[in-house]
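These protein sequence lines map, in sequence, to chains U and L.
The first sequence runs 1 to 754 under UniProt numbering.
The second sequence runs 1 to 155 under UniProt numbering.
Calculated directly from the structure, the hints in this document are not laboratory data.
Even glycine gets a Cβ: it sits at the ideal position worked out from N, Cα and C.
Watch out, some of these pointers could steer you wrong.
As the list claims (entries may be wrong) - Computed, partial: chain L to chain U, Cβ under 8 Å: (1) 39; (2) 73; (3) 89; (4) 94; (5) 101; (6) 130; (7) 133.
As the list claims (entries may be wrong) - Per the computed footprint, the stretches of chain U lying under chain L, defined by three or more beta-carbons under 8 Å from a beta-carbon of chain L, are: (8) 650 to 659; (9) 688 to 700.
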Amino acid sequence: MEKTKSNINRRSFLKASALLGGGLMIQFSALAKFDLPAKSVDGINAFPWNEINGYIKITSDNVIKIINPNPEFGQNVMTSLPMIVAEELDVDWKKVIVEMGPHDSVKLGAQFTGGSNSMRMYWRPLREAGATARQMLMEAAAQTWAVPVEEVTAKAGVLGHEKSGKTASYGDLAAKASSLPVPKGVKLKDVKSFNVVRNSQKNVEGAKIVSGKPLFGLDYKHEGMLIAMIQHPPAFGMTFKSFDGSQALKMPGIKSVFSLKLYEDGFEQGGFDTRTFNDVLVVVGKTTWEVMNARKKLIVEWVPAGDVKDTMAGRGGKREVVVPGELENTADQHAKMVEYANKPAQVLRKDGDPETAFKNAAQIIERTFNAPFLAHNCMEPMNFFAHVTDEKALLVGPLQAPGWTEPTLVKVLKLPADKIEIQMTRMGGGFGRRAYGHYLVEAALISKKVNAPVKLIYSREDDTTYGIYRPMYTATYRAALDANKNLIAFHVKGGGIPEHAIHPNRFPAGAVDNYLAEGWQIPSNITIGAFRAPRSNFNAAAEQSFLDELAEAMGKDPIDFRLELLKRAKDTPVGKNNEYDADRYAGVLKLVKEKSGWNGPEHKKFSRGVAAYFCHSSYAAHVVDMTTKDGQPYVERVFSAIDCGIVINPDAATNMVQGAVVDGIGNAMYGGLTHKNGVVEESNFHKYRLIRMHEAPKKVEVHFIKNDIDPTGLGEPPFPPVFGAVANALYKASGRRFYQQPFSSPQPSAIPAV
Amino acid sequence: MIKLNINKKIYNLDADPEMPLLWVLRDVVGLIGTKYGCGVAQCGACVVHLDGEAVRSCVTKLSRAEGKKVITIEGLSENHTHPLQQAWLELDVSQCGYCQAGQIMSAAVLLNENKKPSDQDIDDAMAGNICRCGTYLRIREAIHLASEIQGKERS
Ligand code: FES
Ligand code: FES
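This is chain L alone, in the form it adopts within the complex (with noise of 0.2 Å):
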């Protein structure tokens, strides 16, 4: 058994620690919010946070998660309130959406790190994660627009 903290909440899980997480969210635990892409880290589409750090789930092996706190997408608000989320509807980022979630949580750590990037940080923070469909200048914007949804939440 392997206890594991996802979303606030505690699993009992017997699976695999070899079991790469992606997979034991999706498989095991039900949470498909995840997604596959390449498997290889190349893609981004399947980035969770692991004590606050964006990961690679598909590379990351159950056991490095053992013990730390690991968020995804379906945990990063509550009814999608999160600034980038919020940013991203009010521009309608999406096309046919599969890299989405990964692009939020690769751009939700820059934002922890980073109150306002500017092009050239979007550019560098998200060059690991792919959008078949091209929608990279509205995630940019929308990167923009949730530093400022964000700031305004602050003060």
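Isolated chain U (complex conformation) (with noise of 0.2 Å):
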């Protein structure tokens, strides 16, 4: 975040470009000396742009910038973004310069990184953007040569008229096209015609990133900031009484102790609001480390909370919730779990009838998988810069979705929108945490009460003990097979603290004549969110492994009898609101067994396991090949193959999809957050199990189908079925099945064989 500050300014920009020649390409390769391949060049903000719209800007000297709208932690969209845009602009992609845009609904769209949604929020929106544009100066340049539009010619960022032989660059006629009326329903490219997008591109913070420059929320700086820590309550459950700073204030280099409510009582809480505590101390001080010491001086007095009442709106409109004040153990929510499983439980869907079936069966099988909560474990703990006056607020750092922070800041702060500034910067990762806003609330009323700019960081304790975990899972899966061993009826209950999992409508739903899903959930003072592939982490895990034991059971080889379940959901589907494309699934299938050789010389070599799974539009399966290293299951390989539509940047999806797998393999083994009379135990990476380097595995094979389908996103549906395949291949190399997650704790005791 270099943005205010300028490294170079337009007059040594020129004389550059002067020295190496002039005119207009080496004007480009001037560029190109400092900075490429890092793309976004830093105090090119001096020179005067035209805006053509919210995305492009260009020079009189040709210098094209692209604004991506949507936040990066990660996944690339700083880079594959700007692609499509640059593709239907027709620009050469290697001049192009790229910058991260402020939060600017308006000109820049609803700017939300989750859900795997970039692709398919921005597709169209980019194309129409970059085909408009060019569209504009196609128009400038017919006016000012007074020939027809038709007759003008837009590529690589020049324009020409062949029969008079005029060209000129984008640049030259940027400031004429941007004063031009935007035309409606401008022609789109083939999308066999492309040739930035659909092929790998580099990412454009690569140089950046390798040598240390400042990108990220905890490297911003700021004239005369501050650093702010808070001290949250030891537990989920308890709550702050009393205080004495007087200690930590006397350490050096502190400025302020204090205590801050960040909701008043009744706010109504938008879906994105979550925050684990509503009161909270607060150190501020000169350096972090100064501030961390101060910390151990506070001297405080902690309650528990008992049960808190909760306004929440949004989503199922304003109610009332009562969030209740135990304070947690793993052991009981295990215990509470198997309690609740056993109650009746809301129905969500129902197909036939499926208690009958059941009764008439000649066969059930019967599993129950478990999963813990999961802390994120961002890289890059949370943080925030903020510096709020009376009159408005400007806020720096990482986050997933500005829309929906800032109502939530407009209220809090009581200032109008369009006087808080919230600005981007690269995220140290995200998985979904750092959509919810909290740390920037808490940034902001910090500032405000020093009267500062200050600079909120979480320590990692902070970042894994406080956080907004993946909830926790069960489900009880169960099948029912006549005397041939035929699939006759399919039931799914699944619970959770404080969510289920279920997704009634997906596979295999559709595919069985009598099916039933059910789901309930426990209420806890635990604060849940969004991470990687909600839901869909745990039930392709406990879904696909159960699949795997009832192709077992039932003779079968485990892909073809799911490619037979999905015959059947695509010619004669149970049901109206089946959710998955049966060919779509299939495919993947497919083209997995395809490429690692199933069923081949190479089966003998390993044990393997293989999963599925649709969710957030695209398909994804994997096989995994398990060995042992050092006496421990290990994945030496994996195949994985997926449908996500067309691949903007094929090297960058497939770095996505590695990462999705060695992610999902780290999960599955070895995560897991528990708690003790509300405290969570693993308060750090000494105890928080993360996947290391020699865990990963030799080589991550990944296939993509070819189709000129839309984009439908990729950051989450290549890692739930990790979990499944690893389940499948660990059965494989070890004769048991594993039903709790992490697998590599202990297993529930020994279930009948089938």
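Take each chain as given, in its own frame, and dock them per the hints.
Okay, structure coming up:
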């Protein structure tokens, strides 16, 4: 984030170009000299930009800047979204510079990173923005040259008129183009003719990353900035009663110690206003280390909060909820889940007559799967910069969804939206965690209180122990087989603390005549939220291991069994609301079968597991090849087949799938968060185990289905089925089924073989 | 005043000798390429070189760095030309990128000591660096590539 600084100015830029001989293209090589391949150039803001539309700015020297609307957290949208604009604008990608846009929903759309949504959300708007700008440039050329616009060409940043031999750069006509009316319904390119999109382009911030340039929220600096940290209650279910900050205040570098209430009583919380605690203590000082030290000197009385009332708004309308005050323990959480699992639950979907089918079954297979809370563990802990005055607020840092946080800031700060400026830095990971903007509210209130620019920083311990976690889940799956081992009924009953994970309309719904899906939930004070592929990240583990076990009981190959069900779902689907496309689902299974050499000679070398899943509009299947290493199960190779429609940036997409596979193996094997009297037991990475280099596969071979379907998202879909594939490979490796995540933890005592 | 040699530049710092080098670099000197990930020697995001050795700056007191040569990611090369940086860019290793400075600094010491590391050598040397985004496969590949680039540059 050097946006306010300028390391080159227009004059020196022009001089550099002149030295190199001047001329249009040479100017770009001057640019290239100091920054490429890092294409995001700081300091160019000093140039007189002609804004063609919110996404495209061009100088008269033909410097073309594309604004990325959506926050970057490692999914590479900073590169892939501008690629779409560049494609339709028809410019040489190598000469484009890219900049992160500020929060501006009028010019830049919804600006929301999450739900694998960036491509789905921006595919059309960005293509239209590029194509419309190109049309305006052509129109400007037509008017200038007094020729019909139909005769004007626009290619690789150059406008031309063949008959007269006239040419001009986009830059030459950018000023005029920006003053023209915006045409409607401009024709888009044929996706088959793309030459920027569907080709691998390097990360535009790659060079900055490997040379340690300031990119992240924690790197952001501001004149006179202080550092703030928050002392939360030590346990979920506790609250702050009184404190003595005098010792802390005497520590070197400390400016201020105070208590802070986030939301007033009765504040109507939107869906993403979740915060772990409402009353906290704050220490503000000069450096991070000094503040960390002063925190140790705080004397605080914490007390059980008891049941607390909260007012929720947003989806489901305004309602009062009671957050229970219990100090929870993991063992009790498990016991409670077992108790709830035996109670009647809410029916989420019912097809046919499952009760009768189960009654008449020759064989019933029933299995229960469990998974713990998970912490996001973004590599960069939560943080945000805020400078709030009576008139306005500036907030800078890592955030997935500025549009969801801004209305909250309006209410809390009592400032109009146009006085609140939010800038998004690159994020050191997000995984859903940074969709919850409570840390902006905290930073803003702290800045207001101390009347200074402040950066709020969470320590790793703060980040891990006061999180907004993936819920704790369980699900019991039942299948009824007739005497010929045909599947006649399927039942899933899932629950969670505080939410269940059931997607009632997903596979195998639609493929079984008699089907029942039910859900229940247990209220809790442990805060939860979106975690990479919410709910799917559990379902794909449970359901896909269950299907594997079912296939075995039926004497079928696990891939063939799934394909049979999908054929049924396609030919004569049961029910109406089936969410998935059976053909695309079958497509990834067939592709992974082929690429992995399923049932071929490779089968004997490894313990193999397969799984597939549909979520966030895309399809993914994996074959996991397991061996042992140092006496431990080790996933040595993975074959992945993905259908996410058009792949924008193939190499980056491959990187993301590889990352999702590693993340999946890590969380399936080691991930988990436990509680003792409300206290999170895994305070830092010495207790919260994350996958490391030696546990990562040697190879993850990624294959994409080739089609011309509009992009359907990729950040999440490859992640969930990894869990199932790992579970199924573990079975092959050990002869035991794994029902309890993480799989490295002790498994429940033996379940009778089918 | 503590005198510190960082990236071949001398700094006279008025800071508590107990302060971890990480926070000296980030908050006092203003070199933010070295990252905070855990603060307890678990993740490797903060790795810098102290007289050519990889240390975790989050648990290295300022006093220990006095009189030694500190190299951070900013000083690894001019213009990201170190073989590792070249390889990282060639293979487009980064996802979020937050861990990568630490990864590269750890790998640099490995490559200094072992010109042609095997997969096993890499796994051993890099076990202390977490990548939450899961870029391990590309890191491994990039270290191999850097070792090749380094070999060519020397011959
Ligand atoms: S921050 Fe030093 S090892 Fe994690
Ligand atoms: S690239 Fe994100 S933590 Fe490594």
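Hint by hint, work out which the structure violates, then give me just those numbers in ascending order.
Violated hints: none at all, because every hint is consistent with the structure.
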